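First to last, the sequence lines map onto chains S and B.
According to the working numbering, the first sequence is numbered sequentially starting from 126.
According to the working numbering, the second sequence is numbered sequentially starting from 9.
Mixed in with the good hints, there may be bad ones.
[To be verified] Stretches of chain B that chain S covers, calculated by requiring three or more beta carbons in the stretch to come under 8 Å of a beta carbon on chain S:
1. 53-59
2. 68-82
3. 106-118
I should point out that these hints are in silico values taken from the structure, not numbers from a laboratory.
All figures in this text were calculated on a predicted structure; none of them were measured in a lab.
Where a beta carbon is used, it is the ideal one built from N, C-alpha and C, also for glycine.
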Amino acid sequence: QKEVEQNSGPLSVPEGAIASLNCTYSDRGSQSFFWYRQYSGKSPELIMSIYSNGDKEDGRFTAQLNKASQYVSLLIRDSQPSDSATYLCAVSTGANSKLTFGKGITLSVRP
Amino acid sequence: GAGVSQSPSNKVTEKGKDVELRCDPISGHTALYWYRQSLGQGLEFLIYFQGNSAPDKSGLPSDRFSAERTGGSVSTLTIQRTQQEDSAVYLCASSFGLHYEQYFGPGTRLTVT
Chain S
126 QKEVEQNSGP LSVPEGAIAS LNCTYSDRGS QSFFWYRQYS GKSPELIMSI
176 YSNGDKEDGR FTAQLNKASQ YVSLLIRDSQ PSDSATYLCA VSTGANSKLT
226 FGKGITLSVR P
Chain B
9 GAGVSQSPSN KVTEKGKDVE LRCDPISGHT ALYWYRQSLG QGLEFLIYFQ
59 GNSAPDKSGL PSDRFSAERT GGSVSTLTIQ RTQQEDSAVY LCASSFGLHY
109 EQYFGPGTRL TVT
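This is chain S alone, in the form it adopts within the complex (with noise of 0.2 Å):
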């Protein structure tokens, strides 16, 4: 059974602070990585890909792949209360490329 865990939450930050957002996965196989936010009663919404090791910044956020260690993460810089809701990583594997989804943590920016 392929995976991909993500942090118990919820998680609650302050105003201005930089939230951290982890994911592991189990199949080396895997090619793609997102970050997907959902806010509650909406679908998910795509706020980053990466598909090689190292860091990829957009505005706020930055996500980070380290593949030997099988580890993504979404940093998001400078929060905002509009960020809170639900964070979900994805793994693209296979020759579907069907997207393997994390449960989701919840994040909530305090003002």
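Fit chain B to the supplied structure of chain S, relying on the hints for placement.
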């Protein structure tokens, strides 16, 4: 540009009835996926279409579930003889192809009474 669209947004049906859920992917996207999100199971893969190739049905939970994709674009997910455990949000996603970003539609919330 237009994103993935799904209809209906909500569907309430009686146990034993058949339902059809529709997905219209982003124009130009050749890959189309169906997922299901429920409280107990999280987000799980159901079926995958790529171009005109035979679909990958490996995630379908039972033979009551089927899907088709016409003309390489619109897809319909059909659930026959619905059961209460089929209640969930059914999500469609599309992408340019293998291992590219997948973009989700707004989903269809199915409630089986």
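Going down the list of hints, with the structure as the test:
Counting residues of the stretch 53-59 of chain B whose CB lies closer than 8 Å to any CB of chain S gives 3, which reaches the minimum of 3, so the coverage claim holds. Taking a C-beta to C-beta cut-off of 8 Å, the stretch 68-82 of chain B contributes 0 residues in contact with chain S, too few for the three needed, and the coverage statement is violated. For the stretch 106-118 of chain B, the stated coverage by chain S is satisfied: 10 residues place a CB nearer than 8 Å to a CB of that chain, which reaches the threshold of 3.
This entry does not satisfy hint 2, going by the numbered hints stated previously; all others are met.
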